[in-house]
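J.: Residue-level listing of the chains:
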Amino acid sequence: MEYFIQQLINGLTLGSIYGLVAIGYTMVYGIIGMINFAHGDIFMLGGFAALIVFLIATSFFAGIPVALLLLLMLLVGMLMTGLWNWTIERVAYRPLRGSFRLAPLITAIGMSIVLSNFIQVTQGPRNKPIPPMVTDVFHLGAITVSLKQVLIVVITAVLLFAFWYIVNKTPLGRAQRATEQDRKMAALLGVDVDRTISITFIMGAALAAVAGGMYLMYYGVASFNDGFIPGVKAFTAAVLGGIGSLPGAVLGGLLIGLIESLWSAYFSIAYKDVATFAILAFVLIFKPTGILGRPEVEKV
Amino acid sequence: MALGTTTMTNDTILKVEHLSMKFGGLMAINDLSLEARRGEITALIGPNGAGKTTVFNCITGFYKPTMGMLTLQRRDGKEFLLERLRDFEIPKLAGVARTFQNIRLFSGLTVLENLLVAQHNALMKASGYTLLGLLGFPTYRRAVDASIEKAKYWLDKADLTDRADDPAGDLPYGAQRRLEIARAMCTNPELLCLDEPAAGLNPRESAALNTLLHQIRDEGVSILLIEHDMSVVMQISDHVVVLEYGQKISDGSPDHVKNDPRVIAAYLGVEDDEVEEVIAIELEGGNH
Amino acid sequence: MTASTETGHPNVLAKAVREGLFAGVISFFMFLLFVGIETYQDINNALVWRTRWGLLAIFVAVAAVGRFLTVGFIKPHLDQRKLAKAKSGVLEISESKSFFHRHFLKIALIFLVLYPFLSLMIVGKQGSLKYVDNFGIQILIYVMLAWGLNIVVGLAGLLDLGYVAFYAVGAYSYALLSSYFGFSFWLLLPMSGILAALWGVILGFPVLRLRGDYLAIVTLAFGEIIRLVLINWTDVTKGTFGISGIAKASFFGIWSFDTGTANNFVRAWGLSASSVYYKVFLFYIILALCMLTAYVTIQLRRMPIGRAWEALREDEIACRSLGINTVTTKLTAFATGAMFGGFAGAFFATRQGFVSPESFVFLESAVILAIVVLGGMGSLTGIAIAAMVMVGGTEVLREMSFLKVVFGPDFTPELYRMLLFGLAMIIVMLFKPRGFVGSREPTAFLKERRAVSGSFTKEGHG
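These protein sequence lines are chains R, D and B, in that order.
Residue numbers 63 to 362, in the working numbering, belong to the letters of the first sequence in order.
Residue numbers 35 to 322, in the working numbering, belong to the letters of the second sequence in order.
Residue numbers 184 to 645, in the working numbering, belong to the letters of the third sequence in order.
Quick caveat, the hints were computed from the structure, so don't treat them as lab data.
Even glycine gets a Cβ: it sits at the ideal position worked out from N, Cα and C.
Mixed in with the good hints there might be a few duds.
Here chain R is said to cover these stretches of chain B; the calculated rule only asks that three of the stretch's residues, wherever they fall, bring their Cβ under 8 Å from a Cβ of chain R [what the hints assert, rightly or not]:
1) 384-394
2) 555-564
Just a sample of chain R residues kept apart from chain B, beta carbon distances all over 10 Å, derived [to be verified]:
3) 70
4) 126
5) 161
6) 181
7) 183
8) 188
9) 195
10) 200
11) 201
12) 216
13) 223
14) 250
15) 251
16) 280
17) 324
18) 326
Generate coordinates for the entire structure from the input sequences, incorporating the hints supplied.
T.: Spelled out as structure tokens, the structure:
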């Protein structure tokens, strides 16, 4: 039982990270109907930004409080990836909006290749390890909970609340939802669609950056390759939850995290990704629009 | 209207019995029964949201009805229960073809190709499910020639011969409507279901459409159509069924329906008690 | 030509300066951390950093100047040209195409058939290895894969992000069956194709009712599952070590290319020993496989099944209303595409003599899909050109050792291969969203065959 709860906690941690990244996929898909393949690499950029801030900050201020350091890493990461994603949308996606559906998908795949290779070229192909930042551990009976796990879950929860508030309670969120429903109509009613889409990309990137920073803190290593596997898993999470649905993205993320850690714990660690993908396929076969996705009505 | 050389039979081609369709809590069609007779043009009319397209989608297999029986009898006497067939089997086995309210052409294929795709099942069989065709068997070549002849025939009827090699998406609206009908006819249907074929047509195109529909009927194909344009309905249909809120409120010849107070009420939107008044007056009038 | 579009107009220039500066500022912040700072491990293996302000300055300058030139000169120039074109009405297709244009396909085919000999003649045996193998065979493999995927994506409009799975099935089928049972290449080539097609049906059947992006993600998942199984099922596949020593293809059993055998090709013909003969032989095999793919695709497009694929891409609901069984139609497209992937895989295994899961990563699927879309979905010629430009282009980069003179001895052009590949993908799409060849050849005609403009064709949603 303790073992199970332990795995549950590990899964929850991992799932939080996937969920944060999944929101970026689902938001962009919701608003412009495009799979932003480069989003996983935005997550990776966020991790690298955090890594570089960590190195600079610790070399200038040796005794910097961990909380401040972490805040700095995440904030700079958010700004950095926000700027990158804004530029990417402007340069590679916006000119293709409303054209051939596969064109933006291909530029997104191209962008993903560019981003990971850009980091490989500028920062080198080797793994970048950092010394552990947060080492505290709590023992609750036989269950071990590390402070970094608590931090990840708490930060995720706070961000999700803030995010939920923005989307549901602010004029910006209303503009986003309107654009999602009907872009032309929203534009006719005075919503600045371009700006709304830009902000959506920035918001998605910021969440991914936080996820990237926490991923770095959790595993203590960053690599130019980090975008792909977590990216695919987060995308899987978004689809599993029902792409376009925000609660769905979070739910999907948590589910993927749980499946992964429970499968590794009870079956075989080697096949954990196979399990994730197989469950995705099963869910989609029986519920083709994901768990919380709106069923697609075939309009005849 | 001349009926040509085909014999007008009075047997039923389509029988809808106790059809109900529920979407969540909404009863889109409630216990509807109707018949379409062979060789006739049957019109299904009613105000917006009356459930006409839903009936169509049940007949053509795009929806599975919640309840009810849809029986189609082919000329050779074979009967098909449409609600038990899969959507693509309805045109293939039961010989029911349809068009759509918002035109669905293969816009990137040429007009001719659109008509050839419609003959898919016949050509597929002739090509030995592709294998014999790949080897260039003469039976397949003959089938291809025949399919082009048939396409030409319907191109001519639909007045589209000049545009045969143009992409379907390039045609003007009226021509697209006619092409969609021609394409449906290329499947060799016995019952043709048309969903608002005259919508958005100008008077000239509308007249051309009427001629085309009469020609189709004269070939012995029965037609079931949804239409808003009353003038079209009254001009071309032999039999009219009126729906309101998913229920049948009138059924009969165009003249009968035109004078049915319930229909008038449904179209003019009179209050319920007024309808009863109207009916009462009507009944009184009948008694005199 | 209005004054505002004229090059060098003060308004345009002012705007260009503004936009250039803006781009400079943006790129300064974008590259500040990633280019301005370099992270590396010191002697103690601890991660440290140093600044690279010079490189950052170059990046910023390139961005600013590039934006300035684009806004100030290139864009007005392009607009002007477009305007001039619209005015002079060059829209009608020129009737008198050049000789080269009309016979392009024949010329290309003759060139391909002669290519190994030309290369042998010009650069000799040793030099030809590179040209026949790295360029010829490498490009043709991608041509074949892209033509195979084209059936699924370009014709039937089904977005498949896991095509590499079938390539892997073909390669491993050959590798395993030949090393365990010793079957020959010529027996296993069709078998690999059939096995891959079978997998196409098995994987396709449950998922083909999914639409659009859901189908895309499930195919991606299947691609990853197959790769992960190959990695982890070590008893059979030897995991990440891969299978090596895969048998070479023989000349239809008559001559062998294994050294030391009695019927060795080189010995039988009294040639001096060189591996180039085998490469030339492989070149012709893959060329023949490509031709087979093209022939089958062209024939199938004219058959009812091929027309149904294209109709499916245009409108699935209309297909069903015409009595077309969309499930079997999709499955045949999936299986046919998979079969060609399987052929290519078997060829790949015999050419490399080694297969490992490394060769079947998602990136490969992405590259193949990119070639299909960049070439123009459905167009065999366009796709072949795209494969040549994209694969050939990145191969050329390996050869550019002269760049070391410019950028210093530490410069490894290979490192930039995928970076440039990705950039090229983006740039081509931005300028030609429908690919190199955007139009579609009709499969039947009454009076004249006219290409259908890309603006009418749909890209499918399933």
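J.: So, for every hint listed, does it hold in this structure?
T.: Evaluated hints:
1. Check result for the stretch 384-394 of chain B against chain R: holds, 5 residues qualifying (beta carbon to beta carbon below 8 Å, three or more required).
2. Check result for the stretch 555-564 of chain B against chain R: holds, 3 residues qualifying (beta carbon to beta carbon below 8 Å, three or more required).
3. At the 10 Å boundary, the C-beta of residue 70 of chain R stays outside the reach of chain B, the nearest C-beta of that chain being 24 Å off.
4. No beta-carbon of chain B is positioned within 10 Å of the beta-carbon of residue 126 of chain R; the least distance is around 16 Å.
5. For residue 161 of chain R, the non-interface assignment is contradicted: its Cβ lies about 5 Å from the closest Cβ of chain B, within the 10 Å cut-off.
6. With a cut of 10 Å on Cβ distances, residue 181 of chain R falls inside the contact zone with chain B, its closest approach being about 7 Å.
7. Annotated as non-interface, residue 183 of chain R brings its C-beta within 10 Å of a C-beta of chain B; the closest such distance is 6 Å.
8. For residue 188 of chain R, the condition that its CB be more than 10 Å from all CB atoms of chain B is violated, with the nearest at approximately 7 Å.
9. For residue 195 of chain R, the shortest C-beta to C-beta distance to chain B comes to about 13 Å, beyond the 10 Å cut-off, and the non-interface label holds.
10. Non-interface status of residue 200 of chain R relative to chain B is upheld: no Cβ of that chain comes within 10 Å, the nearest being about 29 Å off.
11. At roughly 31 Å from the closest C-beta of chain B, the C-beta of residue 201 of chain R stays outside 10 Å, upholding its exclusion from the interface.
12. The non-interface label for residue 216 of chain R is consistent with chain B: the shortest C-beta to C-beta separation is roughly 26 Å, beyond 10 Å.
13. No beta-carbon of chain B is positioned within 10 Å of the beta-carbon of residue 223 of chain R; the least distance is around 28 Å.
14. At roughly 24 Å, the least C-beta separation between residue 250 of chain R and chain B is larger than 10 Å, which holds for a residue marked as non-interface.
15. With a closest Cβ-Cβ approach of about 28 Å to chain B, residue 251 of chain R is found to remain outside the 10 Å limit, as its non-interface label requires.
16. Every Cβ of chain B is farther than 10 Å from the Cβ of residue 280 of chain R; the closest lies at roughly 17 Å, confirming the non-interface assignment.
17. With a least CB separation of 18 Å from chain B, residue 324 of chain R remains clear of the 10 Å interface cut-off, as annotated.
18. Look at residue 326 of chain R: its CB is around 13 Å from the nearest CB on chain B, clear of 10 Å, so calling it non-interface holds up.
Of the numbered hints given earlier, the model fails hints 5, 6, 7, 8; all others are met.
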